[in-house]
Amino acid sequence: MSKMTLTTEGDKHIVVTRRFAASPEAVYRAHTEPELIQKWLLGPEGWTMPVCIHDARPGGKFRYEWKNGNGQGFHVTGEFLELEPYNRIVHVERMHLPDPTPDNHIETRFDPDGAGTLMTMRMTLPDAETRRQMLATGMEHGMEASYVRLDNMI
Amino acid sequence: MIGQTPNLDAAFSALSDPTRRAILARLVLGEATVLELAKPFEMTQPAVSRHLKVLEEAGLIVRRVEGSKRPSRLAKDGMEAIDQWLAMLREALARNYDRLDKVLADMKPETGKETL
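As given, the protein sequences belong to chains E and Z, one line each in that order.
Numbering-wise, the first sequence is residues 1 to 154 according to the working numbering.
Numbering-wise, the second sequence is residues 155 to 270 according to the working numbering.
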């Protein structure tokens with residue numbers, strides 16, 4: 001079963017789609033209520049999000065901090081530009097590694113899809129080089145996930 | 155895996171150029187010479203050669219010598235490395251959304267109890 005798609009578009013965009021067996025309202029809430037976000041936006045196994053500051057209103061800021069059991073961690077900060085409950089969120093974010101990465105502008109849509117929801121997240125990076133670096137960072141996290149799984153098997 | 159990282163870095167850098175992506179798309183159809191590649195892209199042969207050099211150094215194509223020609227074709231290993239990497243990135247994201255499925259399933263009874 002492949003519910004998710006991840007594609008690059010042009011030089012600066014990354015588009016992710018995913019279908020959920022829940023209403024747009026529920027999926028939107030899971031993206032805007034901190035106590036819900038902390039349950040799923042965790043990346044590889046073994047990571048937790050001890051800090052989730054989330055002021056979901058236009059102009060509001062957010063800050064997510066992740067850490068794993070080995071004392072490693074990083075955080076993301078961002079601002080909300082537009083919020084249309086339960087349909088659309090537009091925000092900018094950057095990762096702090098610890099230097100901030102260039103802003104990633106993200107539009108997330110929640111469209112009714114039968115009894116469920118089709119989520120479409122469209123990221124816009126400043127240029128092709130930034131996208132390349134962001135994808136490379138994603139790779140490190142993907143590799144971390146593989147290592148964590150390996151640890152579990154040993 | 156770790157040995158592939160610098161190669162992937164060069165590969166993504168090489169892929170950031172639309173002309174080079176178009177050249178790769180052409181090579182999916184099979185081997186081609188510089189002359190054959192220059193024609194559809196309306197580029198000079200030296201310009202195509204420069205792009206081919208970048209693609210070759212990134213491990214995305216291989217070239218063989220055939221008389222005075224050096225036909226190019228896709229490098230299986232380089233293209234597979236990119237596929238594998240994208241698969242890993244997909245997996246990290248997919249994992250988040252699998253967790254979100256559970257969160258959404260847990261929300262349903264709560265939503266029913268709410269007076270809103």
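Among the clues, some could well be false.
[Stated by the list, open to error] Cut-off 27 Å, straight-line C-alpha distance, at most; resulting in silico cross-link-like pairs (DSS-like, lysine-lysine): (1) 223/Z with 12/E; (2) 223/Z with 67/E; (3) 223/Z with 193/Z; (4) 207/Z with 12/E; (5) 193/Z with 207/Z; (6) 61/E with 12/E; (7) 67/E with 39/E; (8) 3/E with 256/Z; (9) 230/Z with 256/Z; (10) 262/Z with 39/E; (11) 3/E with 39/E; (12) 207/Z with 39/E; (13) 223/Z with 256/Z; (14) 3/E with 262/Z; (15) 230/Z with 207/Z; (16) 39/E with 61/E.
[As the list claims (entries may be wrong)] Listing some non-contacts, in silico: residues in chain Z with all C-beta distances to chain E over 12 Å: (17) 163; (18) 187; (19) 189; (20) 195; (21) 199; (22) 213; (23) 219; (24) 244; (25) 249; (26) 250; (27) 252; (28) 254; (29) 255; (30) 256; (31) 260; (32) 262.
Simulated from the structure, these hints should not be mistaken for lab results.
All values derive from a computational prediction rather than experimental measurement.
Idealized CB from N, CA, C, for every residue including glycine.
Hints and how they fare:
At roughly 35 Å between alpha-carbon atoms, residue 223/Z and residue 12/E are farther apart than 27 Å, so this suggested pair is violated. Distance check on the hinted pair: residue 223/Z and residue 67/E sit about 54 Å apart at the alpha-carbon level, beyond 27 Å; violated. Distance hint between residue 223/Z and residue 193/Z is fulfilled; the C-alpha atoms sit about 15 Å from each other, no more than 27 Å. With a C-alpha separation of about 24 Å, the suggested pair residue 207/Z and residue 12/E falls inside the 27 Å cut-off, and the hint holds.
For a cut-off of 27 Å, the pair hint linking residue 193/Z to residue 207/Z stands: about 18 Å separates their Cα positions. For the suggested pair residue 61/E and residue 12/E, the alpha carbons sit about 24 Å apart, so the restraint of at most 27 Å is met. Taken as a hint, the residue 67/E and residue 39/E pair is honoured in the structure, with Cα atoms around 14 Å apart against an allowance of 27 Å. Taking the CA atoms of residue 3/E and residue 256/Z, the gap is about 15 Å. The hint holds against a cut of 27 Å.
Distance check on the hinted pair: residue 230/Z and residue 256/Z sit about 38 Å apart at the alpha-carbon level, beyond 27 Å; violated. Under the criterion of a C-alpha separation no larger than 27 Å, the hint pairing residue 262/Z with residue 39/E is consistent with the structure, at around 15 Å. At most 27 Å may separate the alpha-carbon atoms for a hinted pair to count; residue 3/E and residue 39/E meet this at roughly 20 Å. A hinted pair counts as satisfied when its Cα atoms are at most 27 Å apart, and residue 207/Z with residue 39/E does not qualify at roughly 47 Å.
As the CA atoms of residue 223/Z and residue 256/Z are separated by approximately 58 Å, the hinted pair breaks the 27 Å bound. The hinted pair formed by residue 3/E and residue 262/Z meets the criterion: a straight-line CA distance of about 21 Å does not exceed 27 Å. With a CA separation close to 17 Å, the supplied pair residue 230/Z and residue 207/Z stays within the 27 Å bound. With a C-alpha separation of about 20 Å, the suggested pair residue 39/E and residue 61/E falls inside the 27 Å cut-off, and the hint holds.
With a least CB separation of 6 Å from chain E, residue 163/Z falls inside the 12 Å interface cut-off, contrary to its annotation. Residue placement check: residue 187/Z keeps its beta carbon more than 12 Å from all beta carbons of chain E (closest about 28 Å). For residue 189/Z, the requirement that its beta carbon stay farther than 12 Å from each beta carbon of chain E is met, with the minimum near 28 Å. The beta carbon of residue 195/Z sits about 17 Å from the closest Cβ of chain E, which is more than 12 Å, so the claim that it is off the interface holds.
Every beta carbon of chain E lies more than 12 Å from that of residue 199/Z, the smallest distance being close to 25 Å; the non-interface claim holds. For residue 213/Z, the condition that its CB be more than 12 Å from all CB atoms of chain E holds, with the nearest at approximately 15 Å. Listed as a non-interface residue, residue 219/Z keeps its Cβ farther than 12 Å from every Cβ of chain E; the least gap is roughly 31 Å. Not every beta carbon of chain E lies more than 12 Å from that of residue 244/Z, the smallest distance being close to 5 Å; the non-interface claim is violated.
With a minimum CB-CB distance of about 7 Å to chain E, residue 249/Z fails to clear the 12 Å threshold, and the non-interface call is violated. Non-interface status of residue 250/Z relative to chain E is broken: a Cβ of that chain comes within 12 Å, the nearest being about 6 Å off. For residue 252/Z, the requirement that its beta carbon stay farther than 12 Å from each beta carbon of chain E is not met, with the minimum near 9 Å. The beta carbon of residue 254/Z sits about 4 Å from the closest Cβ of chain E, which is not more than 12 Å, so the claim that it is off the interface is violated.
Distance check on residue 255/Z: its Cβ comes as close as 7 Å (rounded) to a Cβ of chain E, failing to clear the 12 Å threshold; non-interface status is violated. Not every Cβ of chain E is farther than 12 Å from the Cβ of residue 256/Z; the closest lies at roughly 8 Å, contradicting the non-interface assignment. Consistency note on residue 260/Z: stated as away from chain E, yet its beta-carbon is not over 12 Å from all of that chain's, at 8 Å minimum. The Cβ of residue 262/Z does not lie farther than 12 Å from every Cβ of chain E; its closest approach is about 7 Å, which violates its non-interface assignment.
Violation of the numbered hints given earlier is confined to hints 1, 2, 9, 12, 13, 17, 24, 25, 26, 27, 28, 29, 30, 31, 32; the remaining hints are satisfied by the structure.
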